[in-house]
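Visitor: Following the hints, position chains B, C and D against chain A.
Listed here are the chains, written in short residue letters.
Protein chains: 4
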Amino acid sequence: MANKRKIINDPVFGFISVPNDLVFDVLQHPYVQRLSRIRQMGLSFFVYPGATHTRFLHSLGAMYLMQEAQTVLRQKGIDISHQEGIAADVAILLHDVGHGPFSHVLENTLISGVCHEDISLSMMQRLNQQMAGKLDMAVSIFTDCYPRHFLHQLISSQLDVDRLDYLSRDSFFCGVSEGTVASARILKMLGVVDDRLVVEAKGIYSIEKFLVARRLMYWQVYLHKTSVAAEQMLIYILRRAKELAHRGEELPCSPALRYFLYNDITAVDFNGNDNIIDEYAALDDSDILSAVKSWQNSNDKVLAVLSRAFTSRQLFKVKLLEQPLNPQEKETLTAQYMKHFGVDEYEAKYFYDIYSVSKDTYSQQDDSIDIIFNDGTIKDISEASDMLNHDTLTRRVVKHYLFYYKIV
Amino acid sequence: MANKRKIINDPVFGFISVPNDLVFDVLQHPYVQRLSRIRQMGLSFFVYPGATHTRFLHSLGAMYLMQEAQTVLRQKGIDISHQEGIAADVAILLHDVGHGPFSHVLENTLISGVCHEDISLSMMQRLNQQMAGKLDMAVSIFTDCYPRHFLHQLISSQLDVDRLDYLSRDSFFCGVSEGTVASARILKMLGVVDDRLVVEAKGIYSIEKFLVARRLMYWQVYLHKTSVAAEQMLIYILRRAKELAHRGEELPCSPALRYFLYNDITAVDFNGNDNIIDEYAALDDSDILSAVKSWQNSNDKVLAVLSRAFTSRQLFKVKLLEQPLNPQEKETLTAQYMKHFGVDEYEAKYFYDIYSVSKDTYSQQDDSIDIIFNDGTIKDISEASDMLNHDTLTRRVVKHYLFYYKIV
Amino acid sequence: MANKRKIINDPVFGFISVPNDLVFDVLQHPYVQRLSRIRQMGLSFFVYPGATHTRFLHSLGAMYLMQEAQTVLRQKGIDISHQEGIAADVAILLHDVGHGPFSHVLENTLISGVCHEDISLSMMQRLNQQMAGKLDMAVSIFTDCYPRHFLHQLISSQLDVDRLDYLSRDSFFCGVSEGTVASARILKMLGVVDDRLVVEAKGIYSIEKFLVARRLMYWQVYLHKTSVAAEQMLIYILRRAKELAHRGEELPCSPALRYFLYNDITAVDFNGNDNIIDEYAALDDSDILSAVKSWQNSNDKVLAVLSRAFTSRQLFKVKLLEQPLNPQEKETLTAQYMKHFGVDEYEAKYFYDIYSVSKDTYSQQDDSIDIIFNDGTIKDISEASDMLNHDTLTRRVVKHYLFYYKIV
Amino acid sequence: MANKRKIINDPVFGFISVPNDLVFDVLQHPYVQRLSRIRQMGLSFFVYPGATHTRFLHSLGAMYLMQEAQTVLRQKGIDISHQEGIAADVAILLHDVGHGPFSHVLENTLISGVCHEDISLSMMQRLNQQMAGKLDMAVSIFTDCYPRHFLHQLISSQLDVDRLDYLSRDSFFCGVSEGTVASARILKMLGVVDDRLVVEAKGIYSIEKFLVARRLMYWQVYLHKTSVAAEQMLIYILRRAKELAHRGEELPCSPALRYFLYNDITAVDFNGNDNIIDEYAALDDSDILSAVKSWQNSNDKVLAVLSRAFTSRQLFKVKLLEQPLNPQEKETLTAQYMKHFGVDEYEAKYFYDIYSVSKDTYSQQDDSIDIIFNDGTIKDISEASDMLNHDTLTRRVVKHYLFYYKIV
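Residue numbers (the working numbering), protein chains in the order written: chain A, 1 to 408; chain B, 1 to 408; chain C, 1 to 408; chain D, 1 to 408.
The shape of chain A in the complex, shown without the other chains (with noise of 0.2 angstroms):
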């Protein structure tokens, strides 16, 4: 019989233990070993060359920050038992087993109306299926059916093991150490009140640093412009080819990627649909970086131009908008690219973009962030803190860019 209680090497936890059968056979599964080949950053490696990690070993990181959050929990007379543990301990285990190569690019072209939640869920329920039925906690506090609510937020909050684990683990690839946050010391200060999860008072300074920290690594790497610009080059470049393979013309891909582009799957086809499932679970980034980089070549002028910048980190160029396009500015960008590529104004589009990115710092709409004082009291942290107040915390910005093809 083969030894399950495997200790994993973990960069920035140390060693990340498999706490029993079931979590070893999961982690197993080829959906999970799949996130093995789906970079947890998607195109950020193009600036942040480190960032090459994956959404594998994102999802053990969360979950051995679920079992310190455990530990911690059931020292503070917390009740949790061994088999709520291990639920909690696969729910958070399999909460990305969704996530396709590069998720928002896939949202945006290959697949349509389709979030990588529903997809996690899906995909878990057909595991719970194969697992006869061993998964059926693990799916209930994923779901937010489980009786006992703070299990379900430990898995998806504002402050929850997910988060924890991906701005700490972010900014070690990245190598910005503004993003680390002390996820031991804010598990420490954990708690439970009325089934829901609370902060002690003193931890107010730790919360207040992961929200800022958060900020920080949103605008300063995740939405970094050069990022965003490599992903609005790859959604085109999938757009265009999606396009050509409407129109039946053949172009070298895999047959995982062949599915996505050569059928129209939307979100309906997706629900209980195994064969869907199993294609979709059969891409990763592999697929798509060696499709790019074939069609280089193609015979398609767009399709060739964008692929090749894309190969060659040739990006598009990016420039921060005050205020929206005028038609006539527009027009200009068209007129030189059909001029330049000799395409016509249609495919001349597929050089240039605007795009708006925005982002709140805390929402009240989701869960809140609860503080609880020395008296019992319960703030939300926008109240509680002294400095991050209610305005600012949650006000959105936005930023509108235009990112165009630079013609040499």
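Keep in mind that the hints were calculated from the coordinates and are not lab data.
Certain hints may be false.
Where chains are identical, the list cannot tell them apart; a pair therefore holds if satisfied intra-copy or between any two copies.
[Said to hold, decoys possible] Straight-line alpha carbon distances no greater than 20 angstroms define the calculated EDC-like cross-link-like pairs of lysine to aspartate or glutamate that follow:
#1 188 to 68
#2 6 to 68
#3 399 to 383
#4 225 to 250
Guide: Below, chains B, C and D without anything else, positioned relative to chain A:
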């Protein structure tokens, strides 16, 4: 005009500066950009899931250390001209440019008789042509034709910046703190005597530590039996694919991979053949991983079984052998696989392998590590160290493994 | 001739170089060596046992950052002469030279009306005399009399290398990762416009993070109630000792401490009085700690009880007060201690105290942190940041504590 | 009732938990609190200015590793009762309690014939009395009288948690990354066979690395010639002070130091003599540093000169000797100091010294480090390692130094 004085974030060394336009242009060349799609540690991510960093980042890191080394040597009065400095930067940046995806695997399957060092040189020369000879001095340092030998030693010797970078970097991304090398300290100790690198005597302990760290990284990480098992499995997959290709069977794969699968490319072909070099430069990790994934559905039993196992991380099991298998043991194994898979004797041998790994800690055939004492005498580290004596340092350790597919 | 180009190991920044002979001589001066016997964080080690690093190491670290800042500014075309560079190095090396042991404590007990900044200047001037005017420019930069204001800002402003060092260093030694400041990144963003330091707009997030880290360090570390309790206890001990000394009682203490215990030294005395400066320069942490230890056996009840409590870490207990104590509460407390210790009313007040701490995150009275945008406009960070608005940044937070001796 | 379940911040290991009330009470005892005023690395701060961490923090860190070791062993099925666990925690917390300030110095001057290990035991026994026998088991484990030998080995052997902590900790605070020991990994490899600690075979490389790191720390850090020079200087200062005290001269010093300066305390006196133990427990670094500082103004030439040199870091110069000084060389040196300082021949010998340091990397006299192989065989590391052979590992390296006061 674009700003080419970039600063790049590296989680290991902090900020890495691109020193001038030439280096920037080299960095942006598709040959070098391709390295950002090749994992530095090949299949080690199966064991150390953090180990997904790229040869691109390693090359940058080695260039950083090269710059540091130059600063130290200049402070000690060694004259290194600006042009020499840049040439050495370029040479180290390109030292790995010829690495294919999973190099060791490729050199045993798709390409015969060519090692990546030779390809690096070919690619560097082609790059030099394209850049109108601007890389002349870099090539000359790389091939040790440049009169100042120590510059070559910084690129290729037993204490080169290549090793200083990859030991620190690989241990960082694996989370194996023991492999960390005090590169900054070692560089501070460097000097040049008679055109050769020397290390100040007070650096002996750091050198001992460096050799022990290297030894540890080899046995614990690079030659970890599970990594080697994954490598052997991939070798068998590609060999089988090539065999099928020879027979004229159609296998899904990218155009780049197809070239090497359906043609027999040997060392001779590479020589100055620009076409082959370009085909080779189109190949990266994604082609291999994507193809193997699609081969899971092959009609060929051997290819399908091994591809499925590889993709789902059901790797070969490994047994350390005290002595070689005798013919009868081999027969038993063969018979077992014939029966289980319904394959013939020849095919059955795809399911197990005997493999020997060997490594010395320090080789006296190579350029030695020279220690200089206060009185000016110079000794090889294997003499200078009172701990690491000649015998133990240079002894070659060999281990024999049996790899086999585990029937469940 | 001695080699004065030393390299010093620093756990925070790695290797710190002594750039020339003048800096070496300053470093070796007894005034500066004395800083190696003064803890940077005073009594914080009672809470964070790792926080025993010295003002000497902090001064070195600040000098390292000063050198880094100069490198960055020079690369951006700001001309800083060699002499100016060295002068700024010396100025930052000496910026804390006037700190006494547990400065805050001393300034409330042994020395009246003198702050350590003034003493730093006096000592620097005396040093300059001894060195025949070699520190003229350093003194001039320190006092902001040198025509180039930005050099002074590097030493003393809201974004000076002093803060950049101590936040990183203190968080490192305390093990409070959240205080870490990305000093390298912030320095990379520095520029000089109209002789004033500015920060590039893309550095806004790092500055926000820096201010939040600073805020966190103040409330979580520097003003930690147990540290403040220890400080208050030491203040009461030294006040009592001085009182007894006034009465002519003989207390064991070192000659250096005796001078300040048995004489009344005020700001006026310090002015250019070399003798007092030398007495002051003889004082460090060891005199205070050793004396308090020996006072455990004093015949004076108050001194003995408090000294014993301090030495055994039975520190004052702390209660956060919603509102000031009313006269009756005070009376009750006083009566309690009178009864317990058999002391009179006056003496009883040595066993409790009300103390208020206050801190702002960013002060607009001080030199502002100026952000420069791509179009050349410059804004104060409190305007430039869309998160940290004017009000919240500059609001002064005040907390009132009751400290009291706990009778067991 | 006070909350005694404290969590303490440690920059090396993160959070350290105080597991129960007994441990808390031990931690708060003046004997243990005194360790927070004793530097772990004595005078090494003269060379590594970060090395000011205390024996208190080291003791805490070793306790943390002890807890980790227990967790690992329990997971492997080794039964360790709660009581045994706590006793081992207490034993390691107290293992260094008998260390005086600058122990090596004291053992050569103020106290004759007593080593700190013996004093540790005496103090532990006295503590046990005060605590009504609650430390019985801890004392019994410490003295290896407890039936379970492996618990003693965790406290004192060649792979004990003492060494695992101090190597990592000292390298951390010195900024010498090469001394880092992968304590977490080594602990994971521990097992118990026949009541003895063993290390799993796959841990061999980590053990090799541990021994090499230890060797490096000894030669590069602990026995750094400047640290040893500082130590020798302090030995001479205290010897001279004791000599003067014998003659009846009055020297400023704290009462605690006075006791050992004006009395002759030997091993015999210590035995069960509570008074002496209490006097000893009053002594820490501050007494020595403060006294030496005040002796700068002594009328005795020797004491004044050496005390001034020590306080201003004008330490003895060091020369590595190929062979012992011959009588004539000694005479010349003596004459030189007689002339320069106007002292007699006997006094002149206070200005230079010959000193030999020696160290082995691994001692076979001590408890061995045992490696267990998969087949159950157990070998000593010096046999199990194919790199670190018996001879080299156990060879004692000796170096002879001449220390001398440099006349300027």
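Visitor: Does each hint fit the structure? Answer for all of them.
Guide: Taking the hints in turn, this is what the structure says about them:
Proximity of residue 188 to residue 68 under the C-alpha cut-off of 20 angstroms is found in both arrangements, the shortest distances being 9 angstroms within a copy and 18 angstroms between copies. Taking the closest pair of Cα atoms, residue 6 and residue 68 come within 20 angstroms of each other both inside a single copy (17 angstroms) and across two copies (18 angstroms). Taking the closest pair of Cα atoms, residue 399 and residue 383 come within 20 angstroms of each other only across two copies (18 angstroms); inside a single copy the shortest separation is 27 angstroms, beyond that limit. Proximity of residue 225 to residue 250 under the C-alpha cut-off of 20 angstroms is found in neither arrangement, the shortest distances being 33 angstroms within a copy and 42 angstroms between copies.
Hint compliance for this structure: hint 4 alone is broken.
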